[in-house]
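Engineer: If you want the building blocks of each chain, they are given just below.
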Amino acid sequence: MDLHLDHISHNYDGTAVLSDIHLDIPKGQIVCIIGPSGCGKSTLLRFIGGLEKPTEGQVLQVGNPPEDSLNPLTYIFQDFALLPWRTVSGNVSLVLEDHGIKGNAADAIIKDVLARTKLSDFADALPKQLSGGMKQRVAIARALAVRPACLLMDEPLSALDSQTRELLMDDLVDLWVRENYTAVYVTHNLNEAVRLGHKVVVLSRRPGKIREIVEIDIPLQDRQAHEHLLSEKQAHLWELMREEAMAADQELAHV
Amino acid sequence: MDLHLDHISHNYDGTAVLSDIHLDIPKGQIVCIIGPSGCGKSTLLRFIGGLEKPTEGQVLQVGNPPEDSLNPLTYIFQDFALLPWRTVSGNVSLVLEDHGIKGNAADAIIKDVLARTKLSDFADALPKQLSGGMKQRVAIARALAVRPACLLMDEPLSALDSQTRELLMDDLVDLWVRENYTAVYVTHNLNEAVRLGHKVVVLSRRPGKIREIVEIDIPLQDRQAHEHLLSEKQAHLWELMREEAMAADQELAHV
Amino acid sequence: MSDNSLTRSETTATQPVPYRGGGFSPKRARWVAPVVFVILITIWEGGARLGWISPIILPAPSEALNALIDLYNSGDLIRHLSASLQRLVGGWFFGTLLGVAFGVAAGLFTLARAGIVPLVAAIFPIPKIALLPLFIIWFGIGEESKIATILFGTFFPTVIAVYGGVDNVDRGLIRMGQSFNLSWWSIVRKIILPGALPAMLSGFRISASIAIILLVAAEMIGAEYGIGAYILLAGNLMAMDQLVAGVTILSLMGLTVSWIIGRLEKILLRWRV
Amino acid sequence: MSDNSLTRSETTATQPVPYRGGGFSPKRARWVAPVVFVILITIWEGGARLGWISPIILPAPSEALNALIDLYNSGDLIRHLSASLQRLVGGWFFGTLLGVAFGVAAGLFTLARAGIVPLVAAIFPIPKIALLPLFIIWFGIGEESKIATILFGTFFPTVIAVYGGVDNVDRGLIRMGQSFNLSWWSIVRKIILPGALPAMLSGFRISASIAIILLVAAEMIGAEYGIGAYILLAGNLMAMDQLVAGVTILSLMGLTVSWIIGRLEKILLRWRV
Amino acid sequence: AAADKVTIGALRFTSHSPSFIAVEKGYFKEEGLDVELKFFQAAQPIAVAIASGDIDFGVTALSGGFYNLADKGALKVIGGLMSEKKGAPGNTIIVSNKAYDEGVKTPADLKGRSWAMTQQGSSFHYMAGLISEANGFTVKDMQLKPLQKVGAMIGALKSGQVDGMAIVPHIASALARGGAVKVIGKIQDMTDYQVTTIFTSTKNTEERKDVVQRFLKAYSRGIADYLAVMQDQEKDPAATEAMVDLIHKYVYTDRPREKAAPSIKAGAVYLNEGAALDVKDVERQLKWFQSQKLAPASLTVDKMVDASFVETLK
Ligand SMILES: Nc1ncnc2c1ncn2[C@@H]1O[C@H](COP(=O)(O)OP(=O)(O)OP(=O)(O)O)[C@@H](O)[C@H]1O
Ligand SMILES: Nc1ncnc2c1ncn2[C@@H]1O[C@H](COP(=O)(O)OP(=O)(O)OP(=O)(O)O)[C@@H](O)[C@H]1O
Ligand SMILES: [Mg+2]
Ligand SMILES: [Mg+2]
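In order, the protein sequence lines correspond to chains A, B, C, D and E. FYI, this note's numbering numbers position 74 of the first sequence as 74, with every residue one higher than the one before it. FYI, this note's numbering numbers position 28 of the second sequence as 28, with every residue one higher than the one before it. FYI, this note's numbering numbers position 144 of the third sequence as 144, with every residue one higher than the one before it. FYI, this note's numbering numbers position 150 of the fourth sequence as 150, with every residue one higher than the one before it. FYI, this note's numbering numbers position 46 of the fifth sequence as 46, with every residue one higher than the one before it.
Hints listed in this document are in silico derivations from the structure and should not be mistaken for laboratory results. Honestly, I wouldn't trust all of these hints.
As the list claims (entries may be wrong) - Computed footprint of chain C on chain D, listed as stretches where at least three residues anywhere in the stretch have a Cβ under 8 Å from a Cβ of chain C:
(1) 49 to 59
(2) 86 to 94
(3) 178 to 187
(4) 203 to 217
As the list claims (entries may be wrong) - Heads up, incomplete: computed chain D residues facing chain B, CB under 10 Å, no partners named:
(5) Ala13
(6) Thr14
(7) Pro16
(8) Pro18
(9) Gly21
(10) Ser25
(11) Lys27
(12) Ile43
(13) Trp44
Remember, it's a predicted structure, so these values are computed and weren't measured experimentally. Even glycine gets a Cβ: it sits at the ideal position worked out from N, Cα and C.
Work the whole structure out from these sequences, hints included.
Structural biologist: Here it is as structure tokens:
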């Protein structure tokens, strides 16, 4: 199943937030979206997952999602969005219950996804006992449990410290190498974008327009070895972004 | 004025947090402290600034602070610690009022520090109207207003997105080049450490011990040009840290 | 699944992603409240006129309105109101003053907290009407006992709100103040008090409501004038129209106070996100 | 400045950095509360014995204790307590049930909110004693009117607490639920209600206190037994020892309820940071 | 036939003794009435409860609330009970020591003085009216202090915060004996006064006439027993003690018998034989309340009283 963003524009109460976004998200690729604060990245991701509707244009899914996918479009949130009153396994089972998967069937899935995210030992821990990195791993486990056709990630690592980020990025790469998932990955961090993205979409400052789409052809698993090339890509992206970022940073919020 | 950490150990309610930290912080240098979560970095910084007392050992100031320094040891906090009910200039004047600096004298200082942090246009804005980067700039302006002998920074950039972080790091470098301040800079981010530190102190996981002190001889202003060398230093630091970071990340919090 | 081929007419199924957001965020709808009130009052009036609601049970709103107009015309409304307002303001002011002082102390000092908090917990739940006989003996039957009743009623919730507020002041800001060598008094004045202001204001909202509720209890003791005395007399005479009129006045007083505090919050807490 | 040369004896001044932290964080001191109570009661008893406090003004604690013992020995204590507890539990339970239902509705639906919130704001500040004549006529003089008084008193604060709690449920969690295609009812049950639980429990704390306070008012209406009736009678007879004994029982009831809710919070809100 | 069920609203006062006697001695049962006593803390709710149909009979002083309910057609006075009659025990006027020292020695001196009462429109308020009218001033010349409760009134008088009040004789004499207050007169010296009346719902007077009749018959027997024993307690000490025992089942129950007995004995007041009603005085009271705007102007004696059940006093 591919996704196709068909000339999407949006405004909130008259303020234009996104303008004419036209984009393909092919199966099996990670598409990174970068752009300065407030340019509409999160909004765009909400459109893709059907949580909100754009003023103009639409998001199309091309082809049917795999039969066994319980929730084709699945989010991973920046703040993890775990239910603090449920244990790790309870948080995973939450998303299975509504599909009528309970008891042994659920246990099997939960066991599997916790193992894949190295959380087997923490099935009964409450979120408050976990470090940030572990919490995000739980969120990933929960997402894997519904066998998504496409992962929608909104700055999944930005609430983590840089060492944990480093570790989780490796996990995401490993996972992709094994499972070849499709993903839209919103981030502020150019380093993450060049480490994870097959395609990096650069948005301009609000109203967000597509400024450039940078393709990175190096296979994910080999990127550590091509540090120099990645540095160059990153420097190029920073060139594109620098002024926009400065301008966005100097804006007074209207509160 | 140099600072000298004299065999500092500490425990909280019986849990050892820091163990035998012996360290010199020479005038005019930026000393970065890195280490996994919970290893006692923030605690150590609180000792240096006199906000808390270690169970053993002491922090000594060697030599007198400059005459004109209002507050020799001055913090910059991760969460900015701005009074939300005061404007930008009000937040700066807060730290002058108790030294009896008011009226024109205060205005002159405030004008000066806001200009140095590129905030002149925002003197009357409230914190809630500012982006994270600007808020941290206000905190820096406030710190500069008391002419510190040594800046104590606890992950000053970690609440910011990576683009803003990039911009502020440049600001800190510029400032150091102009003013040659002394600083202790606690961070999780190895990239920040190699970009800003003259000395990088690597702490082990809790109880924090000094594992290694890495010196970086390249002048701050030239570091961008020595990307490769920095990458190497960073990779070395990551080697030192990786396992500790993983172990720290997997620990269950006792809450 | 669906085969409506859109812009890209291929053999593969193409369809918009399903929408599943929205909801769970009630909007403001300012028009509803007046409509609800008008409907309720109309039903009530109609019910009374058609005899569905017996006049012993509830007078028609129009009768209550007449009672209110009578009260106004007799000139007593002003006398009742001013008597009650003086007691309210006096009791509330001193209760608040004391409450803030004790609350700040409980928020700052270990000993004060350990002493004040359990005392408040023990005394707060005592109904003030139960204490009226004591109040008569302690404070007499003049204005003092009425003011004391209201003072007593406002003191305790204020203490609770204020020490909660002080507790919730970001310790990071206090540490910041210390790190800049601010004096203890500067920290209290410039950081703790403004930081506790939101909690204090919402405490005032509660204490003012309680003060209004206690008017009736306070004016049980030898009050000739006052909205509470008016309500008591009406209840006593089984004059339901006057009772409803008096209760309406209390209710309006509550709304007014809440509006005033709302304005204050808008102005004083402009800095809040 | 100081020249005490420490480990490194040089000519430059070497001194520890000045300490400027600490304070502003009252600790728990469990021993203080009992001590305060003991001291207060001792002073009170001593004052009464030495004649500083006239027995008309305040009876000695020992007299109040005697009254309490008399009450217990007469067997009436159990009768009063059980009568009051039945009313409390009944009124509080139904008031809470209704309050939670209306509060959740106000927290979720635009129309419900716009209708309920202003009504609550208008009716909450009405003192329940003013409404007693109405309650008698509506609910008679049996248990119904007493339970209704307490129900009425608990309903409004519960509505306010619950809709505030629902409002404060992290919208991110709700959006998460929607993004996993949870049904509306699942979201309410598994996300909104547990998320609002902390606010609900602290609302229960308030509503339970109010229920206890209202016991006296409720038992003004034709109650033969009940702690409130006992206090009223004591007030009527100016029997200060019994009055203080009755008030002490109410106060203990308040402390018990607050302790129970504290336990509940510990158990049900284990997940809180 | 099954007994008719009736409920009586009662207060735990000695003046309600006829109800207790009639219950205990089975007079109601003999009339085929299955009586339930329902106890209240105050008289006003009894009137409300009768208006709402929760109970059938009550005894109360005529107060503002009663007039209002009567005006709505809910209640009817059907008999008289306690009366102020020269020579019989009755409400006593007492003043604080302070006021006494300042020269308040007769009821006439109460002009300009403060007067404690429970509430406006209560019988205490009316007594202030009686005093003032009998002494050539009006009630406006007294400072009336509503204090809600008799206990609060006594407290305020003892501590000198109010100057005067009226109270049942046994409490007055107990207080005077303790030296806390001074007795300066009796209400009965002013005028005759029908203090309390027996009343029921209008519906009962219309639809259950014979139940009302039987009730009053049994009640009168209770009154007669009470008067026979308690008006002259020395005559038959054994009967007196038995009567005290009976009453103690209902009044001062929380005190032991020996502490309660003196109060019960001292509290014997005068009750109208045969529950006779002083309609003239009821009319006088109504007029006074109406003049004070404490009773609705539209109310008339005919609307309020159903005098067909008992004898009326001249
Ligand atoms: N529900 C909403 N109602 C009104 N305005 C909104 C809403 N959500 C977002 N906005 C505004 O739309 C703009 C884009 O918001 P969005 O969160 O998509 O930006 P973003 O690119 O994700 O920013 P960031 O990098 O800070 O996360 C912002 O100006 C924001 O204030
Ligand atoms: N006031 C305190 N009382 C008790 N324990 C504390 C206190 N402050 C910190 N600790 C504990 O001491 C240890 C070190 O804390 P500290 O905040 O110094 O770590 P850190 O290195 O700054 O961690 P991070 O990287 O997460 O900021 C932690 O285990 C923490 O839980
Ligand atoms: Mg975003
Ligand atoms: Mg830290």
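Engineer: Look at each hint and say if it fits the structure.
Structural biologist: Structure-based check of all given hints:
| no. | hint | verdict |
| --- | --- | --- |
| 1 | 49 to 59 | holds (count 3) |
| 2 | 86 to 94 | violated (count 0) |
| 3 | 178 to 187 | holds (count 5) |
| 4 | 203 to 217 | holds (count 7) |
| 5 | Ala13 | holds (5 Å) |
| 6 | Thr14 | holds (5 Å) |
| 7 | Pro16 | holds (5 Å) |
| 8 | Pro18 | holds (5 Å) |
| 9 | Gly21 | holds (4 Å) |
| 10 | Ser25 | violated (12 Å) |
| 11 | Lys27 | violated (13 Å) |
| 12 | Ile43 | violated (37 Å) |
| 13 | Trp44 | violated (39 Å) |
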